[in-house]
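Undergrad: Chain by chain, the residues:
There are 2 protein chains.
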Amino acid sequence: MKISELSDRSGLTVQTIKFYLREGLLPKGTATAATRAEYDDRHLQRLRLIRALREVGDLPVAAITRIVSALDDEKMELHDLLGTAQYALGPHVESRADDGDWRAARQDVDALMAELGWRVAPDAPARDLLAQTFLALRRLGFPIVLTELRPYIEAAAAISAHELAKVTADAPRERALQGLLVTTVLYEQVLIALHRLAQEDVSARRFGDGPHGPHSSPGPDGS
Amino acid sequence: MKISELSDRSGLTVQTIKFYLREGLLPKGTATAATRAEYDDRHLQRLRLIRALREVGDLPVAAITRIVSALDDEKMELHDLLGTAQYALGPHVESRADDGDWRAARQDVDALMAELGWRVAPDAPARDLLAQTFLALRRLGFPIVLTELRPYIEAAAAISAHELAKVTADAPRERALQGLLVTTVLYEQVLIALHRLAQEDVSARRFGDGPHGPHSSPGPDGS
Numbered sequence: 108m109k110i111s112e113l114s115d116r117s118g119l120t121v122q123t124i125k126f127y128l129r130e131g132l133l134p135k136g137t138a139t140a141a142t143r144a145e146y147d148d149r150h151l152q153r154l155r156l157i158r159a160l161r162e163v164g165d166l167p168v169a170a171i172t173r174i175v176s177a178l179d180d181e182k183m184e185l186h187d188l189l190g191t192a193q194y195a196l197g198p199h200v201e202s203r204a205d206d207g208d209w210r211a212a213r214q215d216v217d218a219l220m221a222e223l224g225w226r227v228a229p230d231a232p233a234r235d236l237l238a239q240t241f242l243a244l245r246r247l248g249f250p251i252v253l254t255e256l257r258p259y260i261e262a263a264a265a266i267s268a269h270e271l272a273k274v275t276a277d278a279p280r281e282r283a284l285q286g287l288l289v290t291t292v293l294y295e296q297v298l299i300a301l302h303r304l305a306q307e308d309v310s311a312r313r314f315g316d317g318p319h320g321p322h323s324s325p326g327p328d329g330s
Numbered sequence: 108m109k110i111s112e113l114s115d116r117s118g119l120t121v122q123t124i125k126f127y128l129r130e131g132l133l134p135k136g137t138a139t140a141a142t143r144a145e146y147d148d149r150h151l152q153r154l155r156l157i158r159a160l161r162e163v164g165d166l167p168v169a170a171i172t173r174i175v176s177a178l179d180d181e182k183m184e185l186h187d188l189l190g191t192a193q194y195a196l197g198p199h200v201e202s203r204a205d206d207g208d209w210r211a212a213r214q215d216v217d218a219l220m221a222e223l224g225w226r227v228a229p230d231a232p233a234r235d236l237l238a239q240t241f242l243a244l245r246r247l248g249f250p251i252v253l254t255e256l257r258p259y260i261e262a263a264a265a266i267s268a269h270e271l272a273k274v275t276a277d278a279p280r281e282r283a284l285q286g287l288l289v290t291t292v293l294y295e296q297v298l299i300a301l302h303r304l305a306q307e308d309v310s311a312r313r314f315g316d317g318p319h320g321p322h323s324s325p326g327p328d329g330s
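If you read the protein sequences in the order shown, they are chains A and B. Each position in the first sequence, counted from 1, maps to that position plus 107 in our numbering. Each position in the second sequence, counted from 1, maps to that position plus 107 in our numbering.
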C-alpha cells in the first residue's frame with residue numbers, strides 16, 4: 108500500500124508517519140520510485156503499536172524507541188520484552204534512599220515479595236511505587252498488615268494470571284506486546300472505575316435505603 | 108491543648124491551622140483569653156482528615172469544604188456522606204454527549220451496571236470514567252466483552268466488600284470517612300503496584316528461565 112493508505116488505515120497523518128520513518132521507529136518501505144515506497148501489513152501493525160504506546164501509555168519517543176528495538180531484537184525472550192514495555196510505563200517514583208522512612212517502606216515491599224515468593228526483579232519500578240504508597244499510609248496512621256493487603260494481593264494475582272493466559276509464546280510478538288500494554292494501562296483504569304462503582308453498590312446495600320425505600324439508589328446529593 | 112500543640116500533633120503549621128479556622132473548615136476553639144483558645148481531640152481528628160484529603164486526595168479547599176459540611180450535617184446518612192467524599196475525588200472525566208461513540212460507550216456502562224444489578228446513582232462520576240476507558244479500548248481494536256471484564260468485576264466487588272466491612276454505622280463518621288478516603292485513593296495505588304508486580308511474576312513463570320536457570324528472576328535488562 109502507499110503511504111496515503113497507510114495513513115488512512117492507521118489513523119495517523121502522513122507527516123507523523125514520515126517522522127516515525129526518519130526516527131527509525133518504522134522500517135522503510137520497498138522503494139518503487141525515487142520518491143515512492145510500498146508498505147505492507149507489518150508497517151500497519153507497527154504503526155498501531157506506536158499509536159497505542161503514545162496515546163495509551165503516554166510514552167515519549169525515546170521510550171518507544173527502546174521498546175521497538177527490543178521488539179526487533181529476535182534474541183530477546185518474551186518475558187524480557189514484556190518487562191521492557193512494562194518498566195517504560197509510568198508512574199515512576201523516585202527512590203529516596205536518603206530517607207530512613209522510605210528505606211523502611213522499601214524493605215517492607217521486598218520482604219512482602221519474598222514472603223509471597225513472587226519472581227520480581229530487584230529493580231522493578233513497581234517496588235518503589237508500592238513503597239511510596241506504604242510510606243503514605245504509615246504517615247497517615249494506617250499501618251501495613253498482611254491481612255489488610257491480602258484481598259489486593261489476591262485480586263492482582265488473579266487478574267495477572269488472566270491477562271498473561273491470553274499471551275502465547277508463539278503468537279506475534281508485536282500483538283503480545285500491544286495486548287499487554289493495553290491490559291496494563293487501560294484495564295487498570297477499568298479496575299479503578301469498577302472499584303468506585305462497587306464501593307457505591309456495597310455502601311448502598313449496607314447503609315443506604317432498602318431496595319424498596321423511597322429512592323432505590325440515592326446519589327450523594329440525594330437525587 | 109494550645110494551637111502550638113495542635114500544630115505539633117497534626118504535623119500542620121500554625122499558619123495553616125489559622126487558615127482552616129478562617130475558612131470554617133475547623134471549628135473555633137474555646138476562648139481562654141483575648142488571643143488564646145483551647146483545642147481538643149476533635150480538632151486534632153478534623154485536622155488529620157483535612158490533611159489526608161489534601162495530601163492523599165489532592166483536593167482543593169472548595170471540595171474539602173463540601174465534605175466537611177456533609178460531615179457536620181448529622182442528618183446526612185452515612186451512604187450519602189461516603190458518596191459525597193468519593194464523588195469529590197478524581198479523576199473526573201468530561202461527559203461528551205455530542206460524541207456518538209462516547210454515548211455508545213456510556214450506554215455500555217449503564218447496561219453493565221443494570222446487568223450486574225449494582226446500586227449506583229445515574230450520575231456517579233465513575234460511570235463516565237469507565238465509559239472513557241471503554242471508548243479508548245474500542246478505538247484500539249479491543250472490543251469490550253463481559254467474559255473479558257469478569258475478573259476485574261470480581262476483583263472490584265471482593266475488594267469493596269472487604270473495605271466496607273471495616274466501616275460500621277455507629278463508628279465516628281470522621282474516622283469512617285478518613286478510612287474510606289484512604290482505601291479509595293491509596294489502596295488503589297497499592298492495587299496497581301501489586302498488579303505490575305504480579306504481572307512480572309506470572310510472566311517470569313510462563314516465559315522466563317526456569318527457577319533453576321542461570322538467573323532466577325531476570326529483569327528486562329537481563330540483570
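The set of hints was computed from the structure by calculation and includes no laboratory data. Be careful, since some hints might not be right.
With a cut-off of at most 25 Å between alpha-carbon atoms, the simulated SDA-like pairs for lysine to any residue come out as follows [as the list claims (entries may be wrong)]:
1. K135(A) <-> G197(A)
2. K273(A) <-> A265(B)
3. K109(B) <-> T120(B)
4. K109(B) <-> R246(A)
5. K273(B) <-> R246(A)
6. K109(A) <-> P198(B)
7. K125(B) <-> K182(B)
8. K273(B) <-> K109(A)
9. K273(A) <-> R312(A)
10. K273(B) <-> E255(A)
11. K182(B) <-> K135(A)
12. K273(B) <-> K182(A)
13. K182(A) <-> D316(B)
14. K273(A) <-> D215(B)
15. K273(B) <-> A265(A)
16. K135(B) <-> E112(B)
17. K273(A) <-> I260(A)
18. K273(B) <-> T254(B)
19. K182(A) <-> R312(B)
20. K273(B) <-> I110(A)
21. K273(B) <-> E255(B)
22. K273(A) <-> T254(B)
23. K273(B) <-> R246(B)
24. K109(B) <-> I110(A)
25. K109(A) <-> R246(B)
With the C-beta cut set under 10 Å, the calculated list includes, among others, these residues of chain B facing chain A [claimed, not checked]:
26. K135
27. R143
28. R210
29. A231
C-beta atoms are modelled at their ideal positions from N, C-alpha and C, and glycine is treated no differently.
Undergrad: Compare the structure with each hint and give your call.
TA: Right, here's what the structure says about each hint:
1. K135(A) <-> G197(A): Violated: K135(A) and G197(A) sit about 30 Å apart, past 25 Å.
2. K273(A) <-> A265(B): holds (23 Å)
3. K109(B) <-> T120(B): holds (13 Å)
4. K109(B) <-> R246(A): holds (23 Å)
5. K273(B) <-> R246(A): holds (20 Å)
6. K109(A) <-> P198(B): Since the Cα atoms of K109(A) and P198(B) sit roughly 41 Å apart, the hinted pair is violated (cutoff 25 Å).
7. K125(B) <-> K182(B): With Cα atoms ~28 Å apart, K125(B) and K182(B) exceed 25 Å; violated.
8. K273(B) <-> K109(A): Measuring from Cα to Cα gives roughly 61 Å; hence the hint is violated.
9. K273(A) <-> R312(A): violated (35 Å)
10. K273(B) <-> E255(A): This hinted pair holds, its Cα atoms lying about 10 Å apart.
11. K182(B) <-> K135(A): With a Cα-Cα distance of about 68 Å, the restraint between K182(B) and K135(A) is violated, given a limit of 25 Å.
12. K273(B) <-> K182(A): violated (50 Å)
13. K182(A) <-> D316(B): holds (14 Å)
14. K273(A) <-> D215(B): Between K273(A) and D215(B) the Cα gap is close to 24 Å, so the pair holds against 25 Å.
15. K273(B) <-> A265(A): Distance of about 23 Å is within 25 Å: holds.
16. K135(B) <-> E112(B): Distance of about 15 Å is within 25 Å: holds.
17. K273(A) <-> I260(A): Roughly 21 Å between the alpha carbons, so the hint for K273(A) and I260(A) holds.
18. K273(B) <-> T254(B): Violated, because 30 Å separates the two Cα atoms, which is more than 25 Å.
19. K182(A) <-> R312(B): holds (19 Å)
20. K273(B) <-> I110(A): violated (59 Å)
21. K273(B) <-> E255(B): Violated, because 30 Å separates the two Cα atoms, which is more than 25 Å.
22. K273(A) <-> T254(B): Holds, at roughly 13 Å.
23. K273(B) <-> R246(B): Measuring from Cα to Cα gives roughly 39 Å; hence the hint is violated.
24. K109(B) <-> I110(A): violated (73 Å)
25. K109(A) <-> R246(B): holds (23 Å)
26. K135: violated (25 Å)
27. R143: Violated, about 28 Å.
28. R210: Violated, because the Cβ-Cβ distance from R210(B) to chain A comes to roughly 17 Å (cut-off 10 Å).
29. A231: holds (6 Å)
Consistency note: the structure conflicts with the earlier hints numbered 1, 6, 7, 8, 9, 11, 12, 18, 20, 21, 23, 24, 26, 27 and 28.
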